[in-house]
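Asker: Residues per chain are reported as follows:
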Amino acid sequence: MPTIDLRTSALRDLNRALHALAPDTNETRWIVENPDGRHAVAVGLDAAVSVEIDGHVGYYCAGMNKQASVVVNGNAGVGVAENMISGFVHVRGDASQAAGATAHGGMLLIDGNAGARCGISMKGVDILVKGSIGHMSAFMAQAGTLTVLGDAGEALGDSLYEARLYVRGSVTSLGADCIEKAMRDEHRAQLFARLEAAGLAGEVDAGEFRRYGSARSLYHFHVDNAGAY
Amino acid sequence: MAEHPPAPRTAPRLSATFTPEVMAEIRRAAATGIYDIRGAGAKRALPHLDDLLFLGASISRYPLEGYRERCGTEVVLGGRFASKPIHLKTPVTIAGMSFGSLSANAKEALGRGASLAGTSTTTGDGGMTPEERRHSRTLVYQYLPSRYGMNPDDLRRADAIEVVVGQGAKPGGGGMLLGQKITERVAGMRCLPPGIDQRSACRHPDWTGPDDLAIKIEELREITDWEKPIYVKVGASRPYYDTALAAKSGADVVVLDGMQGGTAATQDVFIEHVGIPTLAAIRPAVQALQDLGLHREVQLVVSGGIRSGADVAKVLALGADAVAIGTAALIALGDNDPRWQAEYEALGTTAGAYDDWHEGKDPAGITTQDPGLAARLDPELAGRRLANYLAVMTLEAQTIARACGKSHLHNLEPEDLVALTIEAAAMAQVPLAGTGWIPGREAPGNGPF
Ligand SMILES: Cc1cc2nc3c(=O)[nH]c(=O)nc-3n(C[C@H](O)[C@H](O)[C@H](O)COP(=O)(O)O)c2cc1C
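Top line first, the protein sequences correspond to chains S and H. When we follow the UniProt record's numbering, the leftmost residue of the first sequence carries the number 1, and every step to the right adds one. When we follow the UniProt record's numbering, the leftmost residue of the second sequence carries the number 1, and every step to the right adds one.
Treat the hints with care, since some could be wrong.
Chain H side only, calculated, beta carbon under 10 Å to chain S, not exhaustive [claimed, not checked]:
#: 1; residue: P145
#: 2; residue: R147
#: 3; residue: L155
#: 4; residue: R156
#: 5; residue: T183
#: 6; residue: R190
#: 7; residue: D197
#: 8; residue: R199
#: 9; residue: H204
#: 10; residue: D206
#: 11; residue: W207
#: 12; residue: P210
#: 13; residue: R221
#: 14; residue: I223
#: 15; residue: T224
#: 16; residue: W226
Calculated from the structure, these hints are not laboratory results. Ideal Cβ placement from N, Cα and C applies to all residues, glycine included.
So here's chain S without its partners, still in its complex pose (with noise of 0.2 Å):
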């Protein structure tokens, strides 16, 4: 079980092991000591391993993330999981703006709160957050699911596409063309798979959410619409 601790490794010289993995390695676990805030930590994998990474993380770790479980333990600045495509990123501290942000498969859970912009342009990947979010999140959300246990703030879902919004709590305000909408059937089963993918299946009800998603008024260009754009 490789262990790099970063106050005596390169940064530069993490990546380049992470990315030098075959596909059929034996080195599958790795830790990472004292990140101290580093950006772009493990960034680009892609191979089936698990990094752990003990301590706080700064801009961009697990940025285009394919494959790999990524697991924190701690907070995690802008751009977590920054553009993901597969695979797993887990965040067991808080997340600042623009976490999954353009984030196109894989899994981001992140166990406290989520700053601004959460899921900001997200293209299919599921996000889901155990604490609350910041302003503008799901701005122009393409595909893909945001859920969200606590509270959603101002503009949630703004010029949204075809993602869905899952939100517990409270939502503060929505914003241009984004509206609640029912919770069907397959929804709650959207959900609920969601939920046991973060492991609270059982823990927490998926009838206690909403749902929110495109009221697709914006999709084509229309001179009624100036005031929204």
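Using the hints provided, position chain H with the ligand relative to the given structure of chain S.
Answerer: Frame of chain S; chain H with the ligand shown alone:
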């Protein structure tokens, strides 16, 4: 009774302010309630590279022999931090144009032409297509605010990465691709429903400002093991500061796009009224690099209205390392060709003026996703035409450089240039022809030269 001749009347006079075009636009706006969206770049007359001339060699300096004495054209981009910089045979590169705005055939043709000429081509908003990668020897992968189709495999497949902050046609604006062009394939690559009018964000979702940009560039370098050159593309508005901040943030290459630069679809008001001309942007950008001691270490690529080898030579003489072409490359492929005149007329326009690229009805089969129209463009033939055109531009630039006594295009310098107008002299910081006068500069010898 003698008849009085009719009194002379005032001749009908059209307004220079309310021209027929202005009035037509007012009527169009009044009828539709929506602003005009179009492709291409600024169409109004602007101070441009045509306002500069070269001083050929004379008694005080001697020229190089055409064909026999070498005049180098090769350029290396990205050597500052990237372990695998890009080597090009000509400083004329192909600018980023998205699959979506252009057909797959057109993208393939750009790749083929650029590869034949030994230069690079660039992806665009919407991601990298396999056709494009296969046919481009050197491919620059754009990293845009929308992140449509952005994926780490393509990042690793690319030869360089271009972080797009802005475009000359619309500094501060995002992109748009109207529903007519969002086919299943285009929609799939962008993770959006087919047929909707699609906006691309104007700001990056996970960074703002130069400090964040530095961290973003570090991330991209870490993902690609510090191999790939990283470009930062800005639309020309504050070129001195943008160039300085991009260089300070760790860019290997700065791409500077002037307001004549083409676009696939933007509001006309944006194209014609935001940003500054290419000519006005180059010297401040070069100055920024010089002030940082990074001129030539960070390369400067200039685009926006580059049409000929003369334009290339002038841009390089002002201090750039390379140029990029968009519109001119499309014309070389066959865009706006008079052979389609009847069809242009049917669309209410004429060959040479067609700019409704967002509608997807391009008779030349370039700015379209319609399979029938797209099939009109033979990517091999069109690629050949582009390669020919690139070769001509390179030869033209060499011709001028040799006349100025330069053994490499990069040896051209501002001292080889004069300006035809006071505006151009002020913007390019070269003397007005026949004088020693550089407006805005206190020079001791401001007398006639
Ligand atoms: C059809 C078309 C599509 C374009 N798409 C993009 C794009 O996706 N990303 C980008 O940065 N610039 C885009 N541009 C701008 C070009 O990269 C370039 O800046 C410009 O065309 C240069 O000016 P020129 O057309 O006068 O040569 C596009 C331009 C055209 C004509």
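Asker: Please name the hints from earlier in the document that this structure breaks, with their numbers sorted from lowest to highest.
Answerer: Hints 5, 12 contradicted; others consistent.
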